[in-house]
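Just so you know, the protein sequences line up as chains V and D, in that order.
For the first sequence, full-length UniProt numbering assigns the number 1 to the initial residue and increments by one for each residue that follows.
For the second sequence, full-length UniProt numbering assigns the number 1 to the initial residue and increments by one for each residue that follows.
It is worth saying that the hints were derived from the structure and are not from the lab.
Built from N, CA and C at the ideal position, the CB exists for glycine as well.
It is possible that part of the hints are untrue.
[Claimed, not checked] Here are the computed lysine to any residue pairs in the SDA-like style, where the Cα-Cα straight-line distance is at most 25 Å:
1. D:LYS192 - D:ILE24
2. V:LYS454 - D:GLU222
3. V:LYS454 - D:SER6
4. V:LYS392 - D:VAL248
5. D:LYS143 - V:GLU176
6. V:LYS454 - D:VAL226
7. D:LYS192 - V:ARG370
8. D:LYS143 - V:GLY173
9. V:LYS171 - D:THR136
10. D:LYS77 - V:SER363
[Claimed, not checked] Looking from chain D toward chain V, a few residues come up when the C-beta cut is under 8 Å (computed):
11. ALA148
12. GLY155
13. ASN211
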Amino acid sequence: MFKNLTGKTVFIIAVLLVFCYGIVGIPHGGLKQSIANRINLGLDLRGGIHLVLGVHVAEAIGSATDRDVARIEAALQAAGVTGATVGKTDAAHPETISVTGVPVAKTSDVRSLLQGTDYQIYDVSSANGGFTLTMKHSAITDLETRTLDTSIETIRERIDKLGVSEPVIQKYGLGENEILVELPGVDDPARVEDIIQSTAKLEIHEVVGGPYENDQAGLTANSGVIPPDSVLMHGTGSAGAPDQVFLLKRASEVEGTDFRDAQPSQDVNGRPNITFTLTTEAGDRFYKYTSAHSRTSDKPGSMAIVLDNKVREVAGINSAIRDRGEIEGGFTKDQANDLSLMLRTGALPATISYLETRTVGPSLGAASIRQGVEAAVAGMLAVMVFMLIYYKGAGINADLALALNLLILLGFMGFSHATLTLPGIAGVILTIGMGVDSNVLIFERIREELRAGKTAAAAVKEGFAHAWTTIVDTHVTTIVSAAILFLFGTGPVKGFAVTLTFGLLANLFTAVFVSRLIFDAHLQGKGRTAELSI
Amino acid sequence: MELFRSTTIDWLSRKWYFLGFSLIFSVAGILSMLFWHHVPLGVDFRGGTQVTVRFDTTPNEDHIRSAVAQAGMKDFKIQRISDPSGNSANEVVISLPESKSEGTEDQGRAAIDSALHTNYKDSGFAVQKVDIVGPTAGKQLQKQAWLATAYSLIGMLIYLWFRFELIYGVAAVVAVFHDTLITVGAFSLTNKEIDLTVIAAILTLIGYSMNDTIVVFDRIRENLAVSRRETLSDVVNRSINQTLSRTVLTSGLTFLTVLSLYLFGGAVLHGFSFALVVGILIGTYSSIAVAAPMLVAYQDWRASRGKVATLPAGRSRA
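Starting from the given sequences, assemble the full structure and let the hints guide the process.
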């Protein structure tokens with residue numbers, strides 16, 4: 001590629017400058033700062049929080065079928081079918097709805113209704129005079145994906161409002177419903193977890209009965225059986241009230257994704273409350289619901305605002321509400337602010353649980369990086385000194401190659417925005433090891449050739465030629481395995497794979513091309529009498 | 001300066017010693033894994049809660065133990081961290097056992113938090129690191145670590161098959177497996193926990209040991225291509241001797257780096273650097289004592305079945 005030494009030298013210097021730029025960028029405000037801006041440190045090195053969240057997608061499927069149970073009931077009623085029961089029987093299969101007790105005369109009506117456009121996401125089968133609706137596999141996958149995506153979006157918006165710089169929020173695992181959240185440099189983990197955790201799922205349910213003192217009382221009041229379309233739920237119901245139990249309709253009237261906006265405001269008495277706005281579609285739905293369930297002389301008509309499966313507030317419905325409403329919960333001003341933030345960013349479509357929580361204190365991170373880097377530097381210096389002693393003049397080649405290797409590796413890291421982790425430092429150490437190895441291989445080979453009586457120039461040529469195949473084999477093998485680790489590994493293992501791959505690529509260049517150039521420059525024009533210090 | 005100018009050690013004649021040595025260490029490790037400490041998986045893989053706390057003053061483990069017990073925790077472990085030189089780092093790791101059900105781990109952390117706050121508010125402490133891994137996440141990490149390692153071994157095998165011959169790949173992978181087994185065995189024997197960083201270290205040693213083996217194999221291939229009249233044993237011996245200087249140098253220097261990591265790298269890197277210290281030694285040994293003799297054994301086996309007695313020299317050099 002570059003035949004003469006000058007060309008090669010220029011090429012190497014150009015490469016050098018490019019990677020220096022990778023490390024430092026355009027320097028402003030001190031060298032240390034510039035490097036810190038370019039090199040991405042992992043959480044284990046700078047401290048922060050690493051969370052893996054599991055999203056309970058089955059819940060989203062369950063609430064979708066819950067809503068459809070209500071829709072089917074209404075449709076059957078409208079079609080004049082009486083006596084049929086719509087419900088979900090199997091808790092392990094939230095995707096299945098059963099319709100039983102359909103009068104024989106109405107069977108074909110019901111069939112065409114269920115197979116109509118409203119329920120296309122279901123496979124309908126009939127047996128024993130009833131029907132079973134099972135959500136299609138594609139619809140389930142679709143809903144799962146949407147649930148996961150919405151969850152990620154929601155969490156992102158909330159994290160953004162926390163003002164964390166460079167947060168990572170993404171899908172995680174191989175096809176699992178998991179989300180990875182990484183918040184570097186955060187030194188108050190409790191607050192972050194609180195914000196994500198407390199902002200789970202918001203819904204409005206119809207209140208059927210209650211409040212009762214406890215589950216038992218709730219059961220007794222309903223003659224020992226909770227109707228299949230209802231559910232007992234705990235909560236205070238109003239600020240300062242003790243924990244009570246309410247009987248709620250299982251299907252929610254309005255849920256998280258239906259909220260368009262929410263703002264902290266004040267009620268007529270100047271107490272903090274929250275004003276919310278629903279989407280147009282949900283507003284229409286809510287209007288129908290509230291006009292049908294307004295408080296009248298003979299029924300109390302109330303709705304429950306449920307947060308994280310806890311009843312936060314039970315409010316009477318005084319009149320039909322379209323798309324604006326208020327939540328009064330005896331909030332403090334901060335609570336009103338937090339809750340409206342949650343509503344504004346949209347509630348999570350399903351609850352989440354923490355599968356993995358890792359917190360590294362910033363001081364520990366700083367200590368690990370200092371110790372890790374110090375150890376790596378100490379090791380490398382020892383190696384460099386040894387190379388000088390053992391190979392004399394040629395040791396300079398090795399040391400230069402090693403230093404360059406490290407520089408290029410860091411430059412790579414800067415350009416690619418890859419993250420340097422603690423195992424990444426391990427990758428650097430293996431790189432140093434293999435960098436030294438390449439030089440040792442070459443030098444030992446040159447010594448062999450010299451012993452066999454070759455001239456310096458010939459020995460260098462042969463030495464590099466022989467060592468080259470071995471170096472390629474060792475490097476490719478390791479890069480192959482690193483690439484596989486990158487594909488299949490998790491966090492820290494990935495970090496290892498990244499630095500190792502970059503380091504080895506750099507090494508192919510420095511140990512062979514750069515080191516060779518130095519030899520060639522040294523031997524140039526000296527002919528057969530040239531001598532090597534090796 | 002030169003260490004080994006022209007050694008003529010007959011490595012292969014010592015193969016029974018090597019075999020014995022490898023067997024003793026492998027079997028000791030396996031026995032320990034089966035009956036003694038088992039594979040001491042860290043919180044990453046077994047799930048559970050682990051809190052690292054740094055105190056301003058030298059902590060009293062018994063005192064911490066009773067404080068945590070008072071907060072309602074059972075079956076927990078308290079471990080003082082000291083660096084390899086034996087100095088106390090004033091750090092303590094409190095490990096709670098794995099939880100059986102998802103989502104109960106947070107209570108454990110809360111209990112530790114409250115225990116620390118009530119008892120050590122005045123003497124000063126800082127929570128350095130909290131790892132909470134749910135049981136399913138732990139299993140998944142375990143699975144992924146296994147898969148990643150297995151796939152990368154297969155990847156190496158295929159590359160070596162392509163560049164040399166299948167038997168070279170098999171011999172190299174067996175040697176690497178031998179190293180991994182002994183290193184994991186060493187963790188079991190010393191009851192050191194295996195966490196994700198240790199897996200990274202094991203992968204490092206796999207890469208390193210593989211590298212070492214390939215260097216020897218490359219020389220064997222080269223020598224085989226030149227002299228066809230020598231016996232395979234002689235060629236292998238000569239190849240090992242020719243590369244010995246390089247092997248000892250590289251291993252020595254890498255060992256130097258790793259040792260400095262072990263000594264100065266701090267408590268967080270302890271398991272990691274321990275794996276490397278063991279791994280470098282065993283990885284170097286195995287390329288000479290396991291991988292190369294396997295080639296000869298393979299050829300002997302083929303010869304005994306009346307097949308072509310020469311080891312394929314491998315594909316022509318690129």
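Now the hints, each set against the structure:
With a CA separation close to 20 Å, the supplied pair D:LYS192 and D:ILE24 stays within the 25 Å bound. With a CA separation close to 19 Å, the supplied pair V:LYS454 and D:GLU222 stays within the 25 Å bound. At most 25 Å may separate the alpha-carbon atoms for a hinted pair to count; V:LYS454 and D:SER6 meet this at roughly 17 Å. A threshold of 25 Å between alpha carbons decides the hint, and for V:LYS392 with D:VAL248 the separation of about 18 Å falls inside it, so the pair holds.
In summary, the hint linking D:LYS143 to V:GLU176 is supported, as the alpha carbons are separated by about 14 Å, within the 25 Å threshold. A hinted pair counts as satisfied when its Cα atoms are at most 25 Å apart, and V:LYS454 with D:VAL226 qualifies at roughly 19 Å. Distance restraint check for D:LYS192 and V:ARG370: the Cα-Cα separation of roughly 24 Å lies within the 25 Å cut-off, and the hinted pair is therefore satisfied. Pair hint D:LYS143 plus V:GLY173 holds up; C-alpha atoms about 11 Å apart against a cutoff of 25 Å.
Among the hinted pairs, V:LYS171 with D:THR136 is consistent with the structure: their alpha-carbon atoms are about 17 Å apart, no more than 25 Å. Using a Cα cut-off of 25 Å, the hinted pair D:LYS77 and V:SER363 holds, with the two alpha carbons roughly 24 Å apart. Here the hint on D:ALA148 is kept, as its CB sits about 4 Å from the closest CB of chain V, short of 8 Å. At its closest, the beta carbon of D:GLY155 sits 5 Å from a beta carbon of chain V; the interface hint therefore holds under the 8 Å criterion.
The interface hint given for D:ASN211 is met, as the beta carbon of that residue sits about 4 Å from the closest beta carbon of chain V, less than 8 Å.
The structure is consistent with each of the numbered hints, conforming to all of them.
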